[in-house]
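Peer 1: Here are the chains, one letter per residue:
Protein chains: 2
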Amino acid sequence: MQHTSPLAALRSLLKERELDGMLVPRTDAWQSEYCAPYDDKLEFISGFDGSAGLALILADRALLFVDGRYQVQARQQVNLEEFEIHHLHDEPIHLWLQENLSVGKRIAFEPLLMVNSQYESLRTSGCDLVAVDDDPINKIWATRPAIPRGLIRQMPDEISGESTASKCARVAQALARKGVNFLALTLPDNIAWLLNVRGSDIPTSPVPLSFALVKNDGAVEWFVDEAKLQQLDSSVLESIAIHSPDAFLTRCQQLAAGKRFLLDGDNTPVAVRFAVEQGGGDIEWQPDPITLMKANKNDIELEGYRSSHIQDGAAWINFLAWLSHEVPLREAAGNPITELEAQEKQLAFRQECDNFIEQSFGTISAAAGNAAMCHYHSAPETNFAITGHEFYLNDSGGQYFNGTTDATRTLNFGQLDAQRRLHYTAVLKGFLSLISLQFPQGTQGHQLDAFARRPLWELGLDYDHGTGHGVGHNMLIHENPHRMAKKVNPWPMLPGNVLTIEPGYYLAGSHGIRIENQVEVVASIPGFCKFASLTLIPIDLSAVELPLLSEQEIAWLDDYHQLVRETLSPLVSSTARPWLIEATAPVRTQRM
Amino acid sequence: MQHTSPLAALRSLLKERELDGMLVPRTDAWQSEYCAPYDDKLEFISGFDGSAGLALILADRALLFVDGRYQVQARQQVNLEEFEIHHLHDEPIHLWLQENLSVGKRIAFEPLLMVNSQYESLRTSGCDLVAVDDDPINKIWATRPAIPRGLIRQMPDEISGESTASKCARVAQALARKGVNFLALTLPDNIAWLLNVRGSDIPTSPVPLSFALVKNDGAVEWFVDEAKLQQLDSSVLESIAIHSPDAFLTRCQQLAAGKRFLLDGDNTPVAVRFAVEQGGGDIEWQPDPITLMKANKNDIELEGYRSSHIQDGAAWINFLAWLSHEVPLREAAGNPITELEAQEKQLAFRQECDNFIEQSFGTISAAAGNAAMCHYHSAPETNFAITGHEFYLNDSGGQYFNGTTDATRTLNFGQLDAQRRLHYTAVLKGFLSLISLQFPQGTQGHQLDAFARRPLWELGLDYDHGTGHGVGHNMLIHENPHRMAKKVNPWPMLPGNVLTIEPGYYLAGSHGIRIENQVEVVASIPGFCKFASLTLIPIDLSAVELPLLSEQEIAWLDDYHQLVRETLSPLVSSTARPWLIEATAPVRTQRM
Numbered sequence: 001m002q003h004t005s006p007l008a009a010l011r012s013l014l015k016e017r018e019l020d021g022m023l024v025p026r027t028d029a030w031q032s033e034y035c036a037p038y039d040d041k042l043e044f045i046s047g048f049d050g051s052a053g054l055a056l057i058l059a060d061r062a063l064l065f066v067d068g069r070y071q072v073q074a075r076q077q078v079n080l081e082e083f084e085i086h087h088l089h090d091e092p093i094h095l096w097l098q099e100n101l102s103v104g105k106r107i108a109f110e111p112l113l114m115v116n117s118q119y120e121s122l123r124t125s126g127c128d129l130v131a132v133d134d135d136p137i138n139k140i141w142a143t144r145p146a147i148p149r150g151l152i153r154q155m156p157d158e159i160s161g162e163s164t165a166s167k168c169a170r171v172a173q174a175l176a177r178k179g180v181n182f183l184a185l186t187l188p189d190n191i192a193w194l195l196n197v198r199g200s201d202i203p204t205s206p207v208p209l210s211f212a213l214v215k216n217d218g219a220v221e222w223f224v225d226e227a228k229l230q231q232l233d234s235s236v237l238e239s240i241a242i243h244s245p246d247a248f249l250t251r252c253q254q255l256a257a258g259k260r261f262l263l264d265g266d267n268t269p270v271a272v273r274f275a276v277e278q279g280g281g282d283i284e285w286q287p288d289p290i291t292l293m294k295a296n297k298n299d300i301e302l303e304g305y306r307s308s309h310i311q312d313g314a315a316w317i318n319f320l321a322w323l324s325h326e327v328p329l330r331e332a333a334g335n336p337i338t339e340l341e342a343q344e345k346q347l348a349f350r351q352e353c354d355n356f357i358e359q360s361f362g363t364i365s366a367a368a369g370n371a372a373m374c375h376y377h378s379a380p381e382t383n384f385a386i387t388g389h390e391f392y393l394n395d396s397g398g399q400y401f402n403g404t405t406d407a408t409r410t411l412n413f414g415q416l417d418a419q420r421r422l423h424y425t426a427v428l429k430g431f432l433s434l435i436s437l438q439f440p441q442g443t444q445g446h447q448l449d450a451f452a453r454r455p456l457w458e459l460g461l462d463y464d465h466g467t468g469h470g471v472g473h474n475m476l477i478h479e480n481p482h483r484m485a486k487k488v489n490p491w492p493m494l495p496g497n498v499l500t501i502e503p504g505y506y507l508a509g510s511h512g513i514r515i516e517n518q519v520e521v522v523a524s525i526p527g528f529c530k531f532a533s534l535t536l537i538p539i540d541l542s543a544v545e546l547p548l549l550s551e552q553e554i555a556w557l558d559d560y561h562q563l564v565r566e567t568l569s570p571l572v573s574s575t576a577r578p579w580l581i582e583a584t585a586p587v588r589t590q591r592m
Numbered sequence: 001m002q003h004t005s006p007l008a009a010l011r012s013l014l015k016e017r018e019l020d021g022m023l024v025p026r027t028d029a030w031q032s033e034y035c036a037p038y039d040d041k042l043e044f045i046s047g048f049d050g051s052a053g054l055a056l057i058l059a060d061r062a063l064l065f066v067d068g069r070y071q072v073q074a075r076q077q078v079n080l081e082e083f084e085i086h087h088l089h090d091e092p093i094h095l096w097l098q099e100n101l102s103v104g105k106r107i108a109f110e111p112l113l114m115v116n117s118q119y120e121s122l123r124t125s126g127c128d129l130v131a132v133d134d135d136p137i138n139k140i141w142a143t144r145p146a147i148p149r150g151l152i153r154q155m156p157d158e159i160s161g162e163s164t165a166s167k168c169a170r171v172a173q174a175l176a177r178k179g180v181n182f183l184a185l186t187l188p189d190n191i192a193w194l195l196n197v198r199g200s201d202i203p204t205s206p207v208p209l210s211f212a213l214v215k216n217d218g219a220v221e222w223f224v225d226e227a228k229l230q231q232l233d234s235s236v237l238e239s240i241a242i243h244s245p246d247a248f249l250t251r252c253q254q255l256a257a258g259k260r261f262l263l264d265g266d267n268t269p270v271a272v273r274f275a276v277e278q279g280g281g282d283i284e285w286q287p288d289p290i291t292l293m294k295a296n297k298n299d300i301e302l303e304g305y306r307s308s309h310i311q312d313g314a315a316w317i318n319f320l321a322w323l324s325h326e327v328p329l330r331e332a333a334g335n336p337i338t339e340l341e342a343q344e345k346q347l348a349f350r351q352e353c354d355n356f357i358e359q360s361f362g363t364i365s366a367a368a369g370n371a372a373m374c375h376y377h378s379a380p381e382t383n384f385a386i387t388g389h390e391f392y393l394n395d396s397g398g399q400y401f402n403g404t405t406d407a408t409r410t411l412n413f414g415q416l417d418a419q420r421r422l423h424y425t426a427v428l429k430g431f432l433s434l435i436s437l438q439f440p441q442g443t444q445g446h447q448l449d450a451f452a453r454r455p456l457w458e459l460g461l462d463y464d465h466g467t468g469h470g471v472g473h474n475m476l477i478h479e480n481p482h483r484m485a486k487k488v489n490p491w492p493m494l495p496g497n498v499l500t501i502e503p504g505y506y507l508a509g510s511h512g513i514r515i516e517n518q519v520e521v522v523a524s525i526p527g528f529c530k531f532a533s534l535t536l537i538p539i540d541l542s543a544v545e546l547p548l549l550s551e552q553e554i555a556w557l558d559d560y561h562q563l564v565r566e567t568l569s570p571l572v573s574s575t576a577r578p579w580l581i582e583a584t585a586p587v588r589t590q591r592m
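Chain order of the listed sequences is G and X. Here the first sequence is numbered in UniProt numbering, starting from 1 and rising by one per residue. Here the second sequence is numbered in UniProt numbering, starting from 1 and rising by one per residue.
None of these hints come from the bench; they were simulated from the model. Given the structure is predicted, the values throughout are model-derived calculations rather than measurements. It is possible that part of the hints are untrue.
[What the hints assert, rightly or not] Not close to chain X: a few residues of chain G, all C-beta gaps over 10 Å, as computed:
no. : residue
1   : A59
2   : Q173
3   : N196
4   : L255
5   : P440
6   : Q447
7   : V522
8   : S550
[Stated by the list, open to error] Cβ pair distances, simulated, as ranges:
no. : chain 1 : residue 1 : chain 2 : residue 2 : range
9   : G       : A176      : X       : T143      : 33 to 43 Å
10  : X       : Q438      : G       : A523      : 32 to 42 Å
11  : X       : A257      : G       : A241      : 26 to 36 Å
12  : G       : A523      : X       : E545      : 25 to 35 Å
13  : G       : D90       : X       : V488      : 17 to 27 Å
Glycine residues also receive a C-beta, built at the ideal position from the N, C-alpha and C atoms.
Isolated chain G (complex conformation) (with noise of 0.2 Å):
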């Protein structure tokens, strides 16, 4: 997996234009999480294909930035002659500059690539930070992808639960009480939302990528690649002014003089700043107030959300049946089942599916070492077998017409030793705690990621990434702005919003551990909410220490395998029921 990086054409092209360096985000114009291979620059000058990551090319050095998440894997498919690779949280790359750089260094980036925040804390640097709109990459990229231009289509009312208008009046109603003209959308899910509409730009986020100005009377401009649009229904555009994407700065320029603008710091291109500013308007600095709309999901959402699951829940149960009757068998014979064959086979079982469109994201379906890289995909050249002294980690889910779902089981086909027994249980009693714990309606993300931590911090471990993420309604699977992790997270989590519970645990080499369920937020006792699983699928207990569970861990886990085999026993296959039974048994009755 190493990758020779076209770094030398661009440290030319910056000489010639006398920058000492320029940034290089993994990021696009909307913040999308997976980029189309046309964005994806950060790949193209580094080989680093993970979701998250920055870049700063330098005259004579050459940095990666990435998360916890892919320490191993950037250090896999990077040329580590060519870069360092750097902590992205741990050394933020404005403090890096400051301490490493001379002041006045002049350092570019594009502007369509930088939230304003970013910007802003970038400036602190020291560094003279030189704006540059001509897509310098693009000079040096011979064989650039093309531009994505996936089809959009309509989400009903009756499955989106609101129409188009009644969200444009509750966001003009939000931009008046503000005192401001215009919000300027960036974000794609936002719009997917606002619109009732989903895209196809890029695979597994079924949001267009395109650009929108919402007026204070709740009137929209959509700046689209009419090519998108051909399958869409005439009464969706009626009331929405089409314009070519190319012409969203100018227009916000053109319209800025004397108005207020709603920027989101955190997730509007800095580039539409600059307009506003050359344009003479003036910018009200606060989150997109969609985002938080969109969190709460309403009761049709919600429905669609639980139909979606029991449906993937199926689908899930006719693959563990398959998988756990096939890896003995396969493995005695000599040709064991591989990380790609199970992920090809789960996929078919989704594809049986009514409602399914497509994944939701790139299956990880990664057994022994491979799981320790928490975002790991198999590849040819990587892909192990699954056998009966491993773990095999699957995390996977689907976009459905009604709901989108995100998963993960860690799965035991044999005899484990006593250490990878440990974890798991350690592991399973963190989900556990969270899963069924009750909080004060308003209740932060940060103030409950411990819970899942505890039972790994009692064995002096730990894991590098967060505990939840919110997944959006047939759309992005991770959704702003809830999250549960050791960052602070300011949004009160209230009765509809939908999250993620999944804890885990990593030791290079030789085992990764994820229990994953995706939940809702559901009021409690009055003042109170708890988290009810959306996801249907039986925790595998075959790796669990039993005698480490109390009585409520048990008491939780047969209630939840007693809502699995009744809600799925009627929709599985014939050969999947008996699995199911066995899988779902209750706790109580093996212990005595």
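Since chain G is already given, all that's left is putting chain X on it; use the hints.
Peer 2: Same frame as chain G, but now just chain X:
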């Protein structure tokens, strides 16, 4: 406790000066939690004597903002026909002003009584903030108490563990690293730490009210009333320039031209900012570096804490043994022990300790419903009897020459009902959950707070105060910067930090429960920390529903009680010793 406030006099003064209102905070120039009576303008104006609050006096309304601890107490102390009571945190004053007053209203404030961050937040309210330097309240406060002139004593290096010269050198290094010329010190505990002195201006707060300037070469100018210095050895003062406190602002202004001052935006009066700016200086807004240096206790300080807690623990046990013996006898005799009698007796036991100086805060000695007011102090007119059918809560501590103690026990002398037992058990379980935690070094307080709340949350209950605070070394009972609370606290917890753990539960008019130990953070296995109890006092288990405790919880209690018994048995009175043995008997045996 109703109080008729001198509002009319203040209002006519405001009218004369064409002011629409005035802010009267419960604060002095030193951010003292316990103000000198001389400085307690909020009590003068409103009658409320809690440790935090803010009044806003307008022409036709007067508002008192207090936090969750004081909602009950404020309504008892204040004339509710004159004052409306508001919530200090739920209704931030700047938002209240913004929403309720028209733009440009002239609101007066005293710039020595407001820190920069409050000033900046008030500036967003749209009001015209008018700094008044001539102490208008003084004009109407005929019976104002005398300005405090408490003697200052030396803290020997053998107890502080580090010389003033060494501390000044460390501070000078920090200033040089930050590129600033001067540190303006206004926090009295930071001055006390730096100069190895203790003061006596305010009972229970052994810190001198004064100001100081530290230059980046380590030179110190101390702005302190010379009358307070009589007891100090001349050698202590040799290397320090002494000025009058009244000269402080003028001196800042004199020194400022072309110089950079480090000011702590959350703690330095905005008057210092005005002085530096008027003198042509620059300001570097950063937390006072001494705050963190002081929080990381050295080995000699930690040894002092441990030793003072052994003394304090013995005094507690002598008191509790006496109380346990007397409460039923005196109740039966129709002459029950009262809150005030109990706290006097407790003080007498503490005064038997060699190193005891004074109480570390006003004792909370509260029976039955009085304990539902978290920061209640007994008075003849509220003085409840201590009986066998209600909880008695005692929160008290001592200032010792080598440390400061703070502990709470809630006691049962008879048979309490099921609800009280359940509440007590939940508070105890929260206490045990947090105190037994192992956590990654550097974890922040808000990440751990919820462990202490979860057993209450399970019952749909909670408490409206923080879970733990730092404690000074023969200094302030609430020491910054570490805190465990719902609110974000960015300071990483490291070995050598000293905090309390004190969950509670309060049912207005019925009962209040709190269990509090002081702990030090200690290193555990590599990368992890634990809490080690400094407090050595038996925890009353007579109101616990023992079947609700886990094996681990019982093991912690038994281990703790064994430590208390073995450490203190030789030190308590012979009459208290049998009580100690019984109060620390292992639960394991009782259960079998």
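Peer 1: Against the structure, test the hints numbered earlier, and report the numbers of the ones violated in rising order.
Peer 2: Hints 5, 6, 8, 9, 11 not satisfied by this model.
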